[in-house]
Amino acid sequence: MDKIILTTRQLKAFYLLDIHGRQKVVKAVNEVELEILENEIYGIAGESGCGKSTLLKTLAAVVEPPLRQLEGKVIYHINGEEVDVSTLGDEEMRRLRWEFVSYVPQGSMNVLNPVVKLKDTYHDFISSHVKGKSQEETFRMAKAYIAELGLPAEIMGAYPHQLSGGMRQRVTIALATLLRPKIIIADEPTTALDVIVQRGVMQLLKDIQQKLQNTIILVTHDMGVHANVADRIGIMYAGKIVEEAPTEKIFSQPLHPYTQFLINSLPKFGDKTPRQSVPGSPPSLADLPTGCPFHPRCPQVLDICKEQMPAYIAAAADHKVACWLVEEENGQAA
Amino acid sequence: MKVLRDLLRDYRFTASFIILCILLAYSSLSFFSPIDPTVWVAIARDQPPSSQHLLGTDSRGIDIFWSGAFAIRNSLIVALVAGVVSRFITIPVAMLAGYKGGMTDRVLMFISDSFLVIPLFLIIVLLAVLIRENLSLVTLGLLLACFGWAWDARVIRSEILSLRERGFTQTAILSGSGTMQLALKEYMPFVTPLVFATLINVMAWAIGLEITLAILGLIKLDIPTLGTMIFWALSYQAILLGRWYWLLTPVILSVLLFIALYWLSVSSSEYLDPRSRIQRVGQSLRA
Amino acid sequence: MLFIRRYLIPRLIQYVLVIFVGITAVFFIPRLLPTDPVARTIAELRSRGSYLDPASIDAMVADLTEMYGLEGSSFDQYIAFWQRLFRGDFGVSFFQFPTPVIQLIKAALPWTLGLLLVTTAIAWTAGILLGGVAGYFNRQGWSRALDVLAMVVRPMPYYVFAFILLLLFGYIFPLFPVAGGASIGRQPSFSWPYISDVLRHAFLPAMSLIILGVTAWFQTMKLVVQNLNAADFVQYARFGGIKERRIVSRYVIRNGMLPQITALALLIGQIFSGALITEIVFTYPGLGTLLYNAIMTGDYNLIMGITVFSIVAITTAILVIDLLYPLFDPRIRYN
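Chains A, B and C, in that order, are what the protein sequence lines are. Numbering follows numbering that gives the first Met the number 0, with no gaps: position 70 of the first sequence is 69. Numbering follows numbering that gives the first Met the number 0, with no gaps: position 164 of the second sequence is 163. Numbering follows numbering that gives the first Met the number 0, with no gaps: position 70 of the third sequence is 69.
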């Protein structure tokens, strides 16, 4: 059995807004259950506005008002010990960052301090975690790592705006993985790049994972990227994980109608029929429909879908889904 | 009504609203004043505050309470003239610059930048020195209006630029309306709140300059304004002679007025700018 | 080089143009007004009770016309005006006849320059540090308390604020001298008694400029930093567990101060005007007090001279700040 590195239990994180006296609750992460293993790439897929980025924030324990973690737990498994992140103090959490959990942001355009050279940014990150290193030593450390990843060493003397988008993203990935974290959280790491550059950047991320044997939690709306790199995929819709399975299963036997739509919208070789996209638009997280949140867009909607949220069903040991249709079929089969 | 209720949630708006109401009520008393604040020695001089003269009388034999009422009224007149008239420069300049863009924009913004950059105070003083006798409330207001438009023109122009970005002007251009007419019709509804918010700033600036010019003796000194009240109190050595109520009255009135106008402008522009509103959202919840 | 073409040349052009437009305006404004400075000066003299017989008035009109550079057509005057400017000749003062205006300005300048430079430097630096820290920790109680304090101080115009300080520390708690730049009769020297005397005299005017300045810079910086808090690179640094001290200094303040440099260039004219007014309140012997005396005596040449000089000085200061800006922003330097 593979070891678990991160668990969430009934995780609920909402934005609580108060706009001139009117309370507004945005249910961005709603009862999410995850078990993420060591040495795997776990993909999270979904349309924009489904709560993916908020889920990442809570996984990374950056919950700041107006976002609040109302219920549930995020647990890190550090050297076999279970640690509930909400019980950690600021300084303890600060130390875990980059050494245990690190983050590759969406579009690295603006994540690097624009007024200092890259080597200074590297120095900031290293010296905040590794004690007793001189500026010289951190520079050397950074340079060695950069070279290891096959990036030119001269870039350390450059300012962020002098690099191309792809190079900047590579530099950011190098920065995020420098201290060999156990978990790398990557939020749409290739979205802002053009297709050719995307491949290279994904490959870099994959190489690093293979070398470090650690875990990547990869969020992207691009099912093609998931197909290429993820070991397992969780499909997220309106703040919930509606289906989770190993990558081949998600693509070969998608059970949830939403997953089916996502898969069918992918282009296939030799198939010239028009691609079907999901009808309608995702619901507002501040005003969710009753029952299953997908029911207004679901072509096979049942009466019960409008009233009750389905529970998870284990279609196989490694395949779970929350959908009344599957429940129904199972019931009939039994 | 809803807008007012939302605004009243901000302590600064509430405070400035109350202060302004009180000051306005006080100044409107001047319409029923039993005395003429320009006539000297009609009553006993240098009386300390009493039931008859609430704030005492000054060395010229003028009741301080009543001249305070006139002073606020007159300073507000200067401010209103300066504020309202400057809108007639601000709005066309901003509209033309923002709407036409290109060379027009560059020339107009160069002019307004020059106005921002040059020490205007000195030029206003130079002008005031030359037309001193004729510097009545309205002419002073007009003079200040000529100088107080530049910053707001810049602010409103950038708002128009961002409206233009949203690209809903194309249809109107195709339908062939005249430039200015179009700009007014299309943008005015969006720009009006901003025009008002900046108007308040210009008013405060005008009141401040009126005081400064008056203390330099550069406006008609027999008109009671906040500035001329301070001028006379200073020239009669009110502090040295212990007549603090004479000097303190215009000073406190002007401080209240400045705070009220500033808070009004800050709170209303924060209300108008949703970005700063969102920032408060997070805060209100933590409390 | 792109930097020279995109950054340097436009600024130099702007510099020359602003000076040209500003000085041209100062030249023509008095000539467009109904009252001319000669008539003004004579009226001024009369109002002081000097008796002037018609013949001497005629002679005086001729003298004044020459002295104010009002001979010939407007165009000739304009050309002559520029020629004199390039020689640094602002004419002679009327009330301290025949001292050249430039000499009076030169005598007053060190006081203003000292006051302005020191207070602006202190106010800008302190405001930026304070605003940066308060903006980063904007959810803390003390940060909001400072906000309220700034809300009260900020709307005060220079005059009123200087005045309040004058009342408080000049009369109610007489701790500091309220007038002049140094004690009367003290000889300027590089000795401690003289320097401390100068500092004591400068304290109140400097304080009023610093307090107003700090408040203003504090507010703008705090606003900038509150927006910077949401900037990706600050969030990322926080996420990366970089120590807060470093985030505040190297990420937040270092970036937040860039727009403040631009703002300093834009506001230096207003700060200068404020310093003049403050000097007048405390009869500090700089350009402000010189201006005040010129206004009180109707010394037209002197007012004109101070105005023209100030326009050139302020515009030059702005140019200097603009030229220093790329040192702080690599995006401008290498582009």
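Since the hints were made in silico from the structure, they are not lab data. Computed from a predicted structure; not experimentally measured. Careful, some of the hints might be misleading.
To be verified - Calculated cross-link-like contacts (lysine-lysine; reagent style BS3-like; alpha-carbon spacing at most 25 Å):
1) A:Lys-305 to A:Lys-319
2) A:Lys-23 to B:Lys-1
3) C:Lys-105 to A:Lys-132
4) A:Lys-130 to C:Lys-242
5) A:Lys-142 to C:Lys-105
6) A:Lys-142 to A:Lys-116
7) A:Lys-118 to C:Lys-242
8) C:Lys-242 to A:Lys-116
9) A:Lys-142 to A:Lys-132
10) A:Lys-2 to A:Lys-72
Stated by the list, open to error - In silico negatives: residues of chain C with every beta carbon more than 10 Å from chain B:
11) Ile-3
12) Phe-85
13) Pro-187
14) Gly-297
Claimed, not checked - Some chain C residues well away from chain A (every beta-carbon gap over 10 Å; in silico):
15) Leu-32
16) Gly-71
17) Tyr-333
By construction, the Cβ of each residue, glycine as well, lies at the ideal position given by its N, Cα and C atoms.
Hint-by-hint comparison with the structure:
1. A:Lys-305 to A:Lys-319: Holds: Lys-305 (chain A) and Lys-319 (chain A) sit about 21 Å apart, inside 25 Å.
2. A:Lys-23 to B:Lys-1: holds (18 Å)
3. C:Lys-105 to A:Lys-132: Violated: Lys-105 (chain C) and Lys-132 (chain A) sit about 55 Å apart, past 25 Å.
4. A:Lys-130 to C:Lys-242: Within the cut-off at roughly 12 Å; holds.
5. A:Lys-142 to C:Lys-105: With a Cα-Cα distance of about 57 Å, the restraint between Lys-142 (chain A) and Lys-105 (chain C) is violated, given a limit of 25 Å.
6. A:Lys-142 to A:Lys-116: Distance ~13 Å between Lys-142 (chain A) and Lys-116 (chain A) Cα, so the pair holds.
7. A:Lys-118 to C:Lys-242: holds (17 Å)
8. C:Lys-242 to A:Lys-116: holds (18 Å)
9. A:Lys-142 to A:Lys-132: Between Lys-142 (chain A) and Lys-132 (chain A) the Cα gap is close to 14 Å, so the pair holds against 25 Å.
10. A:Lys-2 to A:Lys-72: With Cα atoms ~19 Å apart, Lys-2 (chain A) and Lys-72 (chain A) stay inside 25 Å; holds.
11. Ile-3: Per Cβ check, Ile-3 (chain C) is outside 10 Å of chain B; nearest 20 Å; holds.
12. Phe-85: holds (20 Å)
13. Pro-187: It holds; Pro-187 (chain C) is separated from chain B by about 28 Å at its closest Cβ, greater than 10 Å.
14. Gly-297: violated (7 Å)
15. Leu-32: It holds; Leu-32 (chain C) is separated from chain A by about 49 Å at its closest Cβ, greater than 10 Å.
16. Gly-71: holds (55 Å)
17. Tyr-333: Incorrect as stated: the minimum Cβ-Cβ distance to chain A is 6 Å, not above 10 Å.
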